[in-house]
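*Asks:* As a plain string of letters, each chain reads:
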Amino acid sequence: MNFDYSDDQKFLKDEARKFLSAHCGSDRVRAVLDDAANAYDADLWKAVGEQGWLGAAIPEQFGGLGLGHIELCAIAEELGRACAPIPFASTVYFVAEALMLYGSDTQKVRWLPRIAAGDVIGAFATSEGAGPVTARSIHTSVSGGKLTGEKIPVTDGDVADLIIVLARDGLYLVEKGAGVTAEVLETLDPTRSAARLSFNDAPCEKLGSDDGIAAMQTVFDRAAVLLAFEQLGGADRCLEMAKGYALDRYAFGRQIGGYQAIKHKLADMYVKNELARSNAYYGAWALNADAAELPLAAATARVAASDAYWFASKENIQTHGGMGFTWESDCHLYYRRSRQLALVAGSPAAWRERLVGQLEMRNAA
Amino acid sequence: MDFKDSDAEATYRAAARAWLYAHIAEHDAGHYPDDMTRAKAWQARKAAGGYACITWPQEWGGGGGTPIESVIFGQEEAKHAVDGSYFTIGLGMCVPTVMAYADDATKHRFVGPAVRGDEIWSQLFSEPAGGSDVAAIRARAVRAKNADGSDDWVINGQKVWTSGAHYSDYGIVLVRTNPDVPKHQGLTMFWLDLKAPGIEIRPIHQMSGGSSFNEVWFEDVRIADAQRLGPVDGGWKVALFTLMNERLAIGTSGGVGPEDILAFAAQANGADGPLLKDTAFRQTLADWWVQSEGLRNTRMRTITALSKGQVPGPESSIGKIVAANQLQAIGNTAVEAGDQYGIISDPALTPLKGAFHAATMWAPGLRIAGGTDEILKNIIAERVLGLPGEIRVDKDQAFRDLPVGA
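Protein chains in written order, with the numbering used here: chain X, 139 to 503; chain W, 2 to 407.
Read the hints as simulated data drawn from the structure, not as lab findings. Hints are supplied without guarantee of correctness; some may be wrong.
Claimed, not checked - Listed next, the in silico DSS-like pairs over lysine-lysine satisfying Cα-Cα at most 25 angstroms (straight line): (1) LYS148/X <-> LYS5/W; (2) LYS278/W <-> LYS354/W; (3) LYS151/X <-> LYS309/W; (4) LYS5/W <-> LYS151/X.
Bear in mind that the values here come from a model prediction, so they are computed numbers and not experimental data.
Bound conformation, chain W alone:
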């Protein structure tokens, strides 16, 4: 076990740090019309420097580096106020799926622009009737012949909880192509242009006040068969490939952590002096620290496994369970520490510009996004520990015969 950089890693870190210092001033001070333009410019700069998608091959615009180099750059980049959230879903889940299942022409068309931040991708899986039960998809695609005899598909239906669809250019979509077989056997994956005719994107107003998710409606959206990713009716396997990457990406979501509430508690009033001197608070703070460190070190173990050629397993599910619950607890503890004042959420009047209040209101979403706590615990129990799967009464029934509720 060695938690320090090797010589080669130290060299890489020094180069990354120098590169960041050479470019961050322009990012921070540059005049951009909005946050997204700034984020896209930074992504392009990283791609030019070999620091975007560090572990991807250079022929696809990546950095051709190792998982550990990717971690090192991430650690150094995290010291600066850079927002890469626009690209998380595309580069973390969608584009890897395109790289794994699309033909060469499609890959050449899309991978490079995504790495450079020119184009943003969304993932369209969830539906009103299928959140945790992802395969309960009702949005349909049916074949349509072209005049020249080639195949098209026509999509109708609705997707929901689609992160970032309103600013995305392309998406991968999972739809039902055969309702006469059990639900997992009748799905197909496609990529599509989110600006195509017949697609309507409506923002969802969240309990936190923001609108980062959308409903996406499809009305006779016509796409070519060449946009298919994987076999007809073989989309479930493709979706699992995407979802395997999802928990890794979402598990690293930021927000307030033990360091933030430690700094806050040193200033905040407790019953008898600063909150930080309160025994009960200190005990809880220690537990948060232990969890955060545990997650950080667990990620490092995952990276070590990756660097030895192993595949990330369902173990990464623990990251999201622990991080999301901790975010909720830390946010709420700081809110309650304000006593009566704690209900005020105005950023101008609250600690850390409202970050603890924002965490309290965002955490419920994080505990659901990418799989609820309960689903992730099932995954650990079944796939890591080998306990029996849930009883599935729909297993052998044709999709069209399944009972539906709301």
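With the rest of the complex left out, here is chain X:
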């Protein structure tokens, strides 16, 4: 039993932090936020590709580093901490994972090396409107090898080269091109772009079996663990910011961090973050080992991380007082990202429901 990163993994994580502090300061996040035409930071994307991070968990035979998912979790934690404005999650946690799970050899050989090299941006298109994605909510269909329907919102849908689409009878690979149109959407977190994608007889290729909802959920389980690490990184950064401000700011002749109301708020943040970290570690192990516990561990990690990041990001603003509500403060970058990450693979309520469903199944077994 060992419930921590190994020394090698810690080294990788430290290097990732150094790299991102040099290449992804909040000025870079703001550049994407302030410029509506900028869907992501292309220079950072290129640099991250050169680091090999996109292929960290992709086997060497498909052009990746073949390290494993715990290493990818370590990278995810740092990306979340930096609030990195790049389509990393869409491409790596969703599309690469789906290809590794369900792709034929031909599909893997075709796409994975290009993803690992940073030449392809991916998007995972499931939602067709408000509310959770279920068999009844999906109208997109395929006929004669052509896909028709509308997906909204699709994170990174406007910049994706390869889109995995959930249709009524399974997952499909669709390349940007004929029959695909994208309309950029206004969202809570403009540092991560999203689009309405319309498919009109778009050429497509089947990915895996016919049960699309089950396949989507399996991809979500894997992505949930990785997203939990991004959320954890963001939540930790919020706590650090709040702590820094509480020590710098004086009121009534004292550091505001000396007031119990602030101390207890920060202690609550710490408690939630540590529970989230512990659950994320367990999820990382389940993901890496492909353990039978993965669905339950993933739901546990995701609920804990969504809760921790929401709490940390909103109470960070509160701790900063009026300063925290200004555009110039970085607090809102994390508040925005906490909302984006909490919903991108299904809402916290949906994950709580899934968690209890897993417990029921386990008890019935």
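Position chain W relative to chain X; hints supplied.
*Replies:* For chain W alone, kept in the frame of chain X given last:
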């Protein structure tokens, strides 16, 4: 990260499991006059098998094992209905303090019997005026010369909230030996025999109906200077050593958990079918599960740190805050689920033999014992996050000059 046993750990687990199955029948079926005798017999059996105080050196009666082996045995033992609560405070807090601060003769006299469960220990710190403010101690010890010139001490005063004092044999006690200096600088720690003349132990009747705590009164209790643990007036540092272990021990308190209320909710009536099908209930249940798992996995991270030679820090404070509040919430949710019937607490008429009702009535105590929620949050804020300490107006004043209230 590896959440599975290594080969060596699997071997240890198999041996522990086999040992438990070989001995548990006698524990379960054996004829003992009372629960304590049963608990003592089990503790002795564990000590003989090398499963008591697993991480302590064998020369002191421990198992000479690793922190992870201790966790593994704990996991296996938890599958059986074994009550080790009589020994938690002694082996978790008092005896480690004795081992760290007493002379060799004292250690040889006491450690082995405590490990074997022959003798039970209590911790006597709290007083009516000093719960969270532990150092506000008024119980006094003054020097008394013996005829041969050696030193004795005479203790007078009162302790309170002393868990298990009525069945304990020995205790460690923190008393004031110098009232003329600021409060932290005038305390001294001793061990003592709780059956000594002048000690009176009175049970406290709790709001839950039970009596697990006591008031302990000292009237001219005479003890030898050899019973001192650490320097004269240097007791605060010794007390901190004890308290560091306390939160780790109390944080693992049992009681009803998510699994229990899940099983209950599958049977209990909700507004529209079983309670377990109620959406709001399911959302809350998920949060409890997330907290419990978070604590379990946090403990595992602590064990990993210990196994790498690191010292447990104030992080363990989070365990008690979360567990105590969750116990209160789970207990009360099951009580409220009964609607009008929920007020009935008769074990014969209530789910799980009254365990949810008992949790509701015990949780307020757990939220206070070993440090209130508020004190533990201060500890996290100050010692983990490095925020400023509380303003202490008594910091530089002599203890005798401090204002006193009730």
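*Asks:* Which of the numbered hints are not met once you compare them with the structure shown?
*Replies:* Going through the list in order, the structure violates no hint and respects every one.
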